[in-house]
Amino acid sequence: MEAAVHATRHFVQCLGPSEIIIKLDFVNAFNSVRRDVILEKAASLIPEAYPYVKAAYADSLFLGYEGHTIVSAEGIQQGDPLGPLLFCIGIHSLLSDV
254 MEAAVHATRH FVQCLGPSEI IIKLDFVNAF NSVRRDVILE KAASLIPEAY
304 PYVKAAYADS LFLGYEGHTI VSAEGIQQGD PLGPLLFCIG IHSLLSDV
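Here my numbering is used: the first residue of the sequence shown is 254, the next is one more, and so on.
No wet-lab data here; the hints were simulated from the structure.
By construction, the Cβ of each residue, glycine as well, lies at the ideal position given by its N, Cα and C atoms.
Treat the hints with care, since some could be wrong.
To be verified - Across the chosen pairs, the derived CB separations fall in these ranges:
1. G317 <-> R287: 19 to 29 Å
2. L268 <-> S346: 19 to 29 Å
3. E293 <-> E255: 34 to 44 Å
4. A302 <-> A326: 30 to 40 Å
5. H263 <-> L348: 14 to 24 Å
6. V324 <-> A302: 17 to 27 Å
Use the sequences and the hints to build the structure in full.
So, in structure tokens, the structure goes:
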């Protein structure tokens with residue numbers, strides 16, 4: 254944590270006059286991004302990864318837990334190696350309007 258604080262402090266000291274830093278705190282963030290938005294953004298921004306994203310997120314997924322079936326229809330799956338990238342492209346337009 255200390256390293257993160259020092260890195261942030263250094264980053265803030267190096268900001269240009271037209272730059273800002275934003276800290277956001279999302280609750281259950283990866284599940285809050287709509288899959289249709291993820292698919293649309295992936296198709297336009299990372300077309301080489303779109304076949305994977307479409308296969309993983311175009312339809313609802315059925316997850317099993319202790320004999321129960323849970324439908325997963327929103328958000329990014331935990332453990333997806335592209336999860337952080339997909340989250341970022343899903344919220345990019347929110348941040349670019351700031």
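How the hints compare with the structure:
With their beta carbons about 24 Å apart, G317 and R287 fall inside the hinted range of 19 to 29 Å. Taking the beta carbon of each, L268 and S346 are about 22 Å apart, inside 19 to 29 Å as hinted. Distance hint check: the CB atoms of E293 and E255 are about 39 Å apart, consistent with the given range 34 to 44 Å. For A302 and A326, the hinted distance range of 30 to 40 Å is not satisfied, since their beta carbons lie about 21 Å from each other.
Checked against the hint of 14 to 24 Å, the pair H263 and L348 passes, with Cβ atoms roughly 21 Å apart. For V324 paired with A302, a C-beta distance near 25 Å keeps the hint of 17 to 27 Å intact.
Checked against the numbered hints given earlier, this structure breaks only hint 4.
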